[in-house]
Amino acid sequence: MKIASNFREVYKHRLLIRTLVGRELKARYRGTVLGFFWSFFNPLLLMVVYTVVFGFILKPRDPSLGSGPWMYALYLFCGLLPWTWFSSSSNDSANVLMVNGNLIKKIMFPAEVLPIVAVTSNFINFLFGLPILLIFLAVLGKPLTVYALLVPVVMLVQYVFTLGFALLLSALTVHFRDIKDILSNLLTFWFFATPIVYSLGMLKDSSTLRGILNLNPMTHIISGYHDCLFFGQMIHWKRLGITFVVSLVLFVIGYAVFDRLRDSFPEEV
Amino acid sequence: MAVIELDHVSRIYQKYSAKHRFQTFKSAIVKGDFFKSLKPDELVAAVNDVSFSVEKGQTFGLIGENGSGKSTILKLVAGIAKPSSGRISVQGKVSALIELGAGFHPEISGRENVYINGIMLGLSKKEITRKFDEIVRFAELEEFIEAPVKTYSSGMYMRLGFSIAINVNPEVLLIDEVLAVGDAAFVPKCLDKIDDFRRRKKTILFVSHDLSTVAKICNTVAWMKDGRIRMIGDPKRVVDAYMQDVTEEQEADFQDRKDEATAAAALESESTPASRPAETTPAAATAAPAEPAPAEAAVADDARREQRWGKREVEIRHVILRNGKGEEKHVFHPGESLVIELDIAAKEPVKDFVFGIAVSNSMGIRCYGTNTYIEEYEPVALSGEGKVVCRIEELPLINGTYYLDAAVHKRDGYPYDYHRNMYSFLVSSMIRDEGVARLPHTWEFSPEIKVAPPAK
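Chains as they are written, first to last, in the working numbering: chain A, 1 to 269; chain B, 270 to 725.
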């Protein structure tokens with residue numbers, strides 16, 4: 001089977017993937033004074049902005065988020081961190097084949113290594129931000145429960161979903177450069193269509209809106225993080241399960257498109 | 270045992286037309302031909318039904334014009350591109366000197382880049398650690414290995430890339446014209462290393478435009494043309510055949526350009542009915558000492574400009590260039606004969622006449638000029654039509670384009686008909702010597718000095 005042999009090929013290049021991820025992480029903050037700390041500071045600063053706007057000025061109306069702006073800040077951070085992983089991966093993959101055009105043209109290796117590296121290096125960045133989140137949760141009075149052990153399950157679903165999206169994006173952007181511009185707008189829209197700055201609880205009155213949000217796979221992925229980190233409750237297995245199936249479908253489509261366009265990369269990048 | 274084997278290999282590239290290339294996502298969706306627009310409009314066979322095999326320890330050369338498919342074959346053998354049809358088998362580890370330092374990341378140190386590049390080329394971490402010092406030493410970068418690669422000069426960049434690729438210690442080495450970019454000190458080092466590979470019975474696939482090197486180091490040479498193998502076999506014979514073909518093409522090209530120039534000139538003379546104003550050039554005899562070599566390009570251009578002056582009491586009607594066999598030619602090899610034929614017609618009988626020729630190179634430097642007066646031919650009488658032939662037995666010129674003056678004038682320099690730079694020819698030579706002319710020479714070595722004669 002073709003897809004199986006392709007995966008074997010990618011597996012053979014795991015050392016390369018590891019090295020390229022390392023290179024990506026090293027190079028990203030090379031030349032900055034704070035270096036790796038930016039992995040923490042970026043979401044932290046974003047969280048401060050949203051906390052001020054939505055926590056202090058607009059004041060959340062959902063009692064399940066607990067009282068006070070600090071609880072809201074925690075809730076926000078739980079969603080913002082994985083969202084950053086998703087959005088940065090998407091942005092990076094839209095460029096990754098073009099930026100590494102000289103590799104595709106000159107060196108023998110499977111091109112899917114590049115979007116894999118883009119998603120994985122952002123994943124590692126996400127992991128670096130995680131301890132900060134855990135510390136905040138502990139300090140501000142939301143101690144971890146046993147359900148926190150389910151976070152890797154949510155990560156797996158998000159990884160598959162993100163990688164499928166990344167494969168699709170990277171391959172199509174080679175032919176349609178406009179995707180880069182479309183993507184930045186799409187991600188803004190998508191961000192607000194995902195319960196990150198608000199909670200699903202706030203939408204009790206509007207079943208239409210909830211219905212629409214339920215169609216967004218990222219809703220269930222982010223809710224998964226909220227469940228096991230913020231609320232300390234069981235993840236919604238059924239919804240996450242369906243999301244996983246959707247993610248797999250997206251992955252297969254993304255991979256099929258990527259594979260089909262593969263031969264055109266060396267000429268088009 | 271064949272290490273590299275290509276069996277009826279073709280590589281078809283999909284060519285997307287400009288219309289589709291700039292098509293945007295929006296228009297693809299609006300028109301609803303999303304997947305259709307991803308289909309190629311035209312298929313181009315970069316490599317077309319090519320078969321050959323290279324035995325272990327052999328050096329196989331690929332020559333041919335740009336775009337003939339040589340580099341595609343290297344990419345196919347390296348596995349970067351996949352054949353559209355046919356079968357390729359390669360035994361053992363392959364290292365490709367195609368793009369040196371492809372994949373270096375500018376922001377991180379040379380050391381880290383050595384590891385990353387090595388892994389890309391298929392080495393394990395342990396192997397790289399073992400060879401690290403040797404790689405750095407060969408690249409002469411001991412002092413700079415911790416600095417980010419963006420601070421490297423392009424020479425340092427190339428040296429490091431070459432050093433990594435060669436230290437992969439492949440069974441099969443693919444070389445694509447990479448030596449063209451090295452500096453004077455590093456290229457011999459690379460050639461030494463390649464020689465070392467040959468001695469160690471490694472297999473080399475070598476693509477180059479440097480035909481003399483190809484003829485010297487290869488056991489077999491294939492000449493590619495339009496994606497197919499035109500000829501394969503003994504290096505000297507294939508290189509010669511290729512040279513012959515290039516010469517013929519240059520000849521045809523030359524003829525085209527000449528026709529164009531003639532057409533343009535005809536157009537110009539129509540628009541200005543009067544013959545070109547005879548410049549108030551002091552009747553310069555052909556053999557007058559050449560003007561000091563003009564350095565600036567503008568001056569050189571001026572020196573190359575075609576001019577014709579004189580009242581044409583005696584006219585040079587045609588100037589024909591022939592080779593030793595009497596064939597009309599515009600491309601010559603050094604050592605070949607150049608025969609310049611002037612068709613002369615005198616309107617009235619004259620007693621005072623001198624025929625002259627002069628050759629200038631593309632820089633506007635006069636390489637040689639002479640006339641019948643300098644050589645003490647005494648004019649007696651000239652009337653009606655006639656022919657003057659100047660025969661240069663062995664053309665002592667180097668590779669390049671040359672411009673020819675032809676003139677008939679009086680002994681005091683008064684011009685009858687002076688053609689300046691109106692004719693040109695090419696000298697095509699594999700030897701890259703320099704200067705204005707090739708002085709006939711030989712080399713001799715005392716017995717203590719061992720040299721191998723050039724591959725002839």
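FYI, nobody ran anything at the bench for these hints, they're computed from the structure. In this text, a Cβ means the ideal position worked out from N, Cα and C, and glycines have one as well. One should not assume that every hint holds.
[Claimed, not checked] Ranges of calculated distance between the beta carbons of each label pair, as one might list FRET restraints:
no., chain 1, residue 1, chain 2, residue 2, range
1, B, Glu-440, A, Ala-256, 29 to 39 Å
2, B, Arg-380, A, Asn-95, 52 to 62 Å
3, A, Glu-267, B, Pro-375, 51 to 61 Å
4, A, Glu-267, B, Gly-669, 34 to 44 Å
Hints, verified against the model:
no. : hint                                 : result
1   : Glu-440/B with Ala-256/A: 29 to 39 Å : holds, 36 Å
2   : Arg-380/B with Asn-95/A: 52 to 62 Å  : violated, 27 Å
3   : Glu-267/A with Pro-375/B: 51 to 61 Å : violated, 25 Å
4   : Glu-267/A with Gly-669/B: 34 to 44 Å : holds, 36 Å
In the structure shown, a violation is registered for the earlier hints numbered 2 and 3, in ascending order.
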